[in-house]
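J.: Read off the chains here:
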Amino acid sequence: MNKDMKILVVDDFSTMRRIIKNLLRDLGFTNTDEADDGNTALPMLQSGKYDFLITDWNMPGMTGIDLLRNVRADDNLKTLPVLMVTAEAKRDQIVAAAQAGVNGYVVKPFTAAVLKEKIEKIFERIDS
Amino acid sequence: MSKDNTLGGESGSMIDEALKEQVNQLQALVESGDQAGAMALISEMNRDRDDSLYQEVGKLTRSLHEAIRNLQIDSGRTTEDEDLSKIEDATDRLAYVVDMTNKAANKTLDLVEDTMPVASKIRDEAAGLKKEWDRLRRKEMKPAEFRDLTKRMDTFLCGLKADSDKVYGNLSDILLAQDFQDLTGQVINRVTGLVKEVEENLVNLVKMAARVDEITGTVYVAEQQQSGIEGEGPQMKTEQREDVVSGQDDVDDLLSSLGF
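Same order as they appear, the protein sequences are chains A and B.
Read in the working numbering, the first sequence has 1128 at position 102, and its numbers run on one by one without any break.
Read in the working numbering, the second sequence has 596 at position 213, and its numbers run on one by one without any break.
Chain A extracted, bound-state conformation (with noise of 0.2 angstroms):
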């Protein structure tokens, strides 16, 4: 798993991205980046090659699973990896992102040790 990837947080509170960002810190990711929602993620994807993408799904304007079905459309970003790091937990919800094409999902409130396992789950199997 590369350390340098760049990473695109998208969560509409500050303070989760903060969290995001400090255990992705933790975990030796520092090139990440933030957007509020899918609106502000979108073009930022679009023009700014990144490796990685965690999202929550519940944001105004474009949701989290609005997003990736708008990834997974895209040409260039179709094989973007992605985890959704979400409130959200009802089964239909998690198999809709399953079918959206979502990589991996974690359920809020997580551990430091959850998102580490997800992520690493995630970039196994990208590189295996």
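Be careful, since some hints might not be right.
What the hints assert, rightly or not - Think about it this way: if two alpha-carbon atoms lie no more than 27 angstroms apart in a straight line, the pair counts; the simulated BS3-like pairs of lysine-lysine are:
id, chain 1, residue 1, chain 2, residue 2
1, B, LYS504, A, LYS1047
2, B, LYS504, B, LYS534
3, B, LYS534, B, LYS549
4, B, LYS514, B, LYS534
5, B, LYS514, A, LYS1047
6, B, LYS590, B, LYS469
7, B, LYS403, A, LYS1142
8, B, LYS513, A, LYS1116
Stated by the list, open to error - From the structure, some residues in chain A lie toward chain B, with a derived Cβ separation under 10 angstroms:
id, residue
9, ILE1045
10, PHE1055
11, LEU1068
12, GLN1072
13, SER1073
14, MET1085
15, ALA1115
16, ARG1117
17, ASN1129
18, THR1137
19, VAL1140
20, LYS1142
21, LYS1144
I should point out that these hints are in silico values taken from the structure, not numbers from a laboratory.
All C-beta atoms, glycine included, are put in the ideal place defined by N, C-alpha and C.
Following the hints, put chain B in place on chain A, whose structure we already have.
T.: Frame of chain A; chain B shown alone:
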């Protein structure tokens, strides 16, 4: 809300009784061949129906007024009004909660981000010193190196005191930053009380609306259900719900059953 809003209770059963009586009379009239009498009875029934409808509408209007007054939303409110409605007040109170929790979270994050490098620095220097210390104990150290080590040890111990003070100070500031819980808790409890009150009044309104539908015979088709994947935010009482996962393990199980 007072009890006279439970609409149509007694008067409803009285109407029912009267209606039964009239039906019996009508049947008797029709069977005896009294067409004119039957027609007269039918129009009397119509009139009764209209009268009771007017009565019910009158009652509904009064109850509706009371219910709306209880909701304390005044349509004629002007911006100069200094008194906030309860709803506006609740909105302000909740905005205060968001503000307080936001400040507390950011303050805590600031302090944590300030403290973490201190802890890293102490750990790294301690690890370095331990290595040197082990060499000393194995008698692998030259006198010049030993002098360096004592100097380094001295700097470390002096720094450790200052660093510990900083960590301790930051931790007690983090402790104090949790005071929002008390304040926001009180505010949320008040707003919860208001929401319950509003709900009670709304339920009464719905009951009244149902009564109107009953009197006028209006039937509504149920609205289509949503697809069920719209964002809802944190789920409550997950252990009592089948459609919600209870934690990360559940998510992992579900995803692995989908081939993840």
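J.: Determine for every hint whether it applies to the structure shown.
T.: Okay, the hints, checked on the actual structure:
no. : hint                      : in the structure
1   : LYS504(B) with LYS1047(A) : 20 angstroms, holds
2   : LYS504(B) with LYS534(B)  : 17 angstroms, holds
3   : LYS534(B) with LYS549(B)  : 23 angstroms, holds
4   : LYS514(B) with LYS534(B)  : 15 angstroms, holds
5   : LYS514(B) with LYS1047(A) : 33 angstroms, violated
6   : LYS590(B) with LYS469(B)  : 23 angstroms, holds
7   : LYS403(B) with LYS1142(A) : 74 angstroms, violated
8   : LYS513(B) with LYS1116(A) : 51 angstroms, violated
9   : ILE1045                   : 7 angstroms, holds
10  : PHE1055                   : 15 angstroms, violated
11  : LEU1068                   : 17 angstroms, violated
12  : GLN1072                   : 23 angstroms, violated
13  : SER1073                   : 26 angstroms, violated
14  : MET1085                   : 8 angstroms, holds
15  : ALA1115                   : 5 angstroms, holds
16  : ARG1117                   : 6 angstroms, holds
17  : ASN1129                   : 9 angstroms, holds
18  : THR1137                   : 8 angstroms, holds
19  : VAL1140                   : 5 angstroms, holds
20  : LYS1142                   : 12 angstroms, violated
21  : LYS1144                   : 9 angstroms, holds
Consistency note: the structure conflicts with the earlier hints numbered 5, 7, 8, 10, 11, 12, 13, 20.
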